[in-house]
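The hints should help you fit chain B onto chain A, whose structure is shown.
Protein chains in written order, with my numbering: chain A, 26 to 456; chain B, 26 to 456.
Be a bit skeptical, because a hint or two may be false.
Chain copies aren't distinguished; within one or between two, either way the pair holds.
Said to hold, decoys possible - Below, computed lysine to aspartate or glutamate pairings styled on DMTMM-like, alpha-carbon distance capped at 20 Å: (1) 140 with 180; (2) 47 with 127; (3) 444 with 164; (4) 82 with 298; (5) 402 with 200; (6) 399 with 194; (7) 444 with 157; (8) 49 with 63; (9) 399 with 200; (10) 444 with 200; (11) 140 with 48; (12) 140 with 164; (13) 241 with 63; (14) 399 with 263; (15) 402 with 392; (16) 402 with 263; (17) 444 with 168.
Please keep in mind that the hints were generated in silico from the structure rather than gathered at the bench. Just so you know, these numbers come straight off a predicted model, no measurement behind them.
Protein chains: 2
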Amino acid sequence: MTQLLEARAGRLTPAIRRVAEKEKQPVERIAEALAAGETVIPANVNHAGLDPEGVGKGLRTKVNANLGTSPSFPDLEPELIKLEVAVAAGADAVMDLSTGGDIDAVRRAVLAGAKVPVGTVPIYQAAAHARDRSGDVTEMTPDDLFRAIELHASDGVDFITVHCGVTREAVQRLESQPRVIGVVSRGGALLINWMMRRDAENPLYEQFDRLLEIAKRHDVTLSLGDGLRPGSVVDATDRGQIAELLILGELVAVAREAGVQVMVEGPGHVPLDQVAANVQIQKRICHGAPFYVLGPLVTDVAPGYDHITSAIGGALAASAGADFLCYVTPAEHLGLPCPEDVREGVIAARIAGHAADLVKGVPGAWEWDRAMSKARKSLQWERQIALAIDPVKAERVRAERNPGEIDVCTMCGQYCAMKIDSGRPHASTGR
Amino acid sequence: MTQLLEARAGRLTPAIRRVAEKEKQPVERIAEALAAGETVIPANVNHAGLDPEGVGKGLRTKVNANLGTSPSFPDLEPELIKLEVAVAAGADAVMDLSTGGDIDAVRRAVLAGAKVPVGTVPIYQAAAHARDRSGDVTEMTPDDLFRAIELHASDGVDFITVHCGVTREAVQRLESQPRVIGVVSRGGALLINWMMRRDAENPLYEQFDRLLEIAKRHDVTLSLGDGLRPGSVVDATDRGQIAELLILGELVAVAREAGVQVMVEGPGHVPLDQVAANVQIQKRICHGAPFYVLGPLVTDVAPGYDHITSAIGGALAASAGADFLCYVTPAEHLGLPCPEDVREGVIAARIAGHAADLVKGVPGAWEWDRAMSKARKSLQWERQIALAIDPVKAERVRAERNPGEIDVCTMCGQYCAMKIDSGRPHASTGR
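So here's chain A without its partners, still in its complex pose (with noise of 0.2 Å):
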């Protein structure tokens, strides 16, 4: 049974009451937001230690961190700290989207080291596996796919990127409107390459029961994925991008009919005067399907500062509708990201959340805000750290900045605001 079967079943599970309890609602109203399919609890029965998190609306914003090897960077260790430093910096959820080295042992050690829901790219193995086979990613069939997924779901992977709706048809519509930067996603590279060297349909699409069959034997939450999403603010919102979100939109239907969990991916690059209309056309076009959005990154000027230009597009997302923000750390577009730009990452992203939290009228937002304020009305300084997105650096920068001061700070000394205006007299108001 998945989460979604038994809420529809009117049964509050463990999950739900957690989630629940998580995001301070009530347990009927997460479990009917389960059951209509705008939140999903990715919760894969095969996941020990697993503590569930909601995603959806009226929920908290989350933040997932990818990390995983490359065929550069092989190693376990890394990965692992990476981990340990997204966990700890408030990611909700990873993914490991590993590449290089024993991927088998990577997913495994970060599923037993991971108590946030885990996300997998199974194409990723499979294609990495044809290439080991044979030396070309193309010799890979549509069997060697299904056994990743299926390796990957019966070790516990709690949500697997699909991209599902790179069909042929929306390969035909991508094509009749170029793009300056063609596909940029790994997994619709592949597929497409695949299809076009085939002649042959993508077997996510064609065989999308096999899919749902294994999805709903672990449940598995299905992240349908946006292969053909734009890589460039100039390529946003095309036709390509579209044809393919209307294929998702029927397949989140057929999914759910099938009691099987449904998220939907989304871009990407997308200037920010079009942030708004691509929330607003998944949610209308994917029944109100939960929307996990890559950035959005609204300009592609700033490498080394993408986890930026996505905090802007994610706030702006989110606040729309979005419900589930991946993060661009420092290094995107120039390399693997180290621990550092991974902790980075995480708080963009949890700041784009928050910020857009407060519009969405999420519990406990506002408090957060409020506390801080106070904190800083009164200059207690320990409750401004305690209350940090990131204590640790804020407790670096202002120690590093305040040689001796104390009540006060180095940027105005005597002249803080604060200190002056809580000294002011008061108007008479005339009423």
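This is chain B only, laid out in the frame that chain A set:
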């Protein structure tokens, strides 16, 4: 003659021509917007070596970096280093907010070293002098204040923040709607204290003509300060803030009538969904005067990352029509920024400004992103680095994360989507 009066008289000054050249726009368009008061060119006749910048409607969004001594860090040298760092990072203007050490010496050194427009807040110096003289900032007299303004103007300061809208009426409105954090503007807090203790009106309001006379004589652009800006998202867009804005709108009309260039300062801490409204109301109430915002910070909980909270708000504000972004550094709310904070702050604000320029349709904005995306598609790394908003950081991150790699990066290695996609056979499009 101020630039405003010159433009009204139909004269195309060298400053107007230079701004048109930098903005890649017809010189007549710049002159028209200047004559209408929708653009300012802060260019004090006494600022030798200034390379003028325009601020206003249709122009590239500009970024200001604050620097200056404080009582705890009174030395000149670090501030000159910050000036250099800010300009190298792309700041379009700097403000010297010194309150410690030899304030005159710092201002003059900054003016001598800066080709970009320089702003100050003369009340800081007047208050510091009163404090040195009598131990109490409220011992400052109106003459002290105007003497400081005259001094800054004759030294060549291009724009000054003057909190003319902090009137007794505005303070009454402020007190009629309680705030969590009160008044957070140093100038605002100083003035209110002064007014309440002396039971007097704000001299910057009462003697606005005296201010205009000085500003006109040297062509100092007035930046009407928002002394009642919110310092917490909880306090945003309240009666005090809007009451002050109404007064600033009236003063904009008076200043323009007198031929004095004028812009208006804005918040501060503002939740995401109030940012656009803040810009729209300012533009309406202040007759389209250029809007210079401090942030806005969209949440209070991220000390150590307020360059990010303000990049989110700044991008939104600028896309809604704000013209000038005052940077916020990672040290905000914690201490005086160091040079590295200055660099991070400038880049974050420039990212926000550029993301907005894409949707504002600023000439040349899209070409930058398009060029970067083309360089990405063709894996031209040197060109990507050269096009990056911060080439130094982009190159460092690339070098650190890519030991020995050549044509791809260590994020994906051989699984690089750009590379896979470049080899893709094309689908027949059906037509």
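Here's how the hints hold up against the structure:
1. 140 with 180: The answer is within: 14 Å in one copy meets 20 Å, while 62 Å across copies does not.
2. 47 with 127: neither (35 Å within a copy, 54 Å between copies)
3. 444 with 164: between (70 Å within a copy, 17 Å between copies)
4. 82 with 298: Intra 22 Å, inter 18 Å, cutoff 20 Å: inter-copy only.
5. 402 with 200: This pair counts as between: shortest inter-copy Cα distance 16 Å, intra-copy 57 Å.
6. 399 with 194: For residue 399 and residue 194, neither the intra-copy (56 Å) nor the inter-copy (26 Å) Cα distance is at most 20 Å.
7. 444 with 157: between (66 Å within a copy, 18 Å between copies)
8. 49 with 63: within (18 Å within a copy, 48 Å between copies)
9. 399 with 200: between (55 Å within a copy, 17 Å between copies)
10. 444 with 200: between (62 Å within a copy, 17 Å between copies)
11. 140 with 48: This pair counts as within: shortest intra-copy Cα distance 17 Å, inter-copy 53 Å.
12. 140 with 164: neither (36 Å within a copy, 61 Å between copies)
13. 241 with 63: Intra 18 Å, inter 61 Å, cutoff 20 Å: intra-copy only.
14. 399 with 263: Close across copies (17 Å), not inside one copy (46 Å); limit 20 Å.
15. 402 with 392: within (15 Å within a copy, 45 Å between copies)
16. 402 with 263: Only across copies: residue 402 and residue 263 sit 18 Å apart there, 48 Å inside one copy, limit 20 Å.
17. 444 with 168: neither (69 Å within a copy, 25 Å between copies)
The structure fails to meet hints 2, 6, 12 and 17 from the earlier list, while all remaining hints are met.
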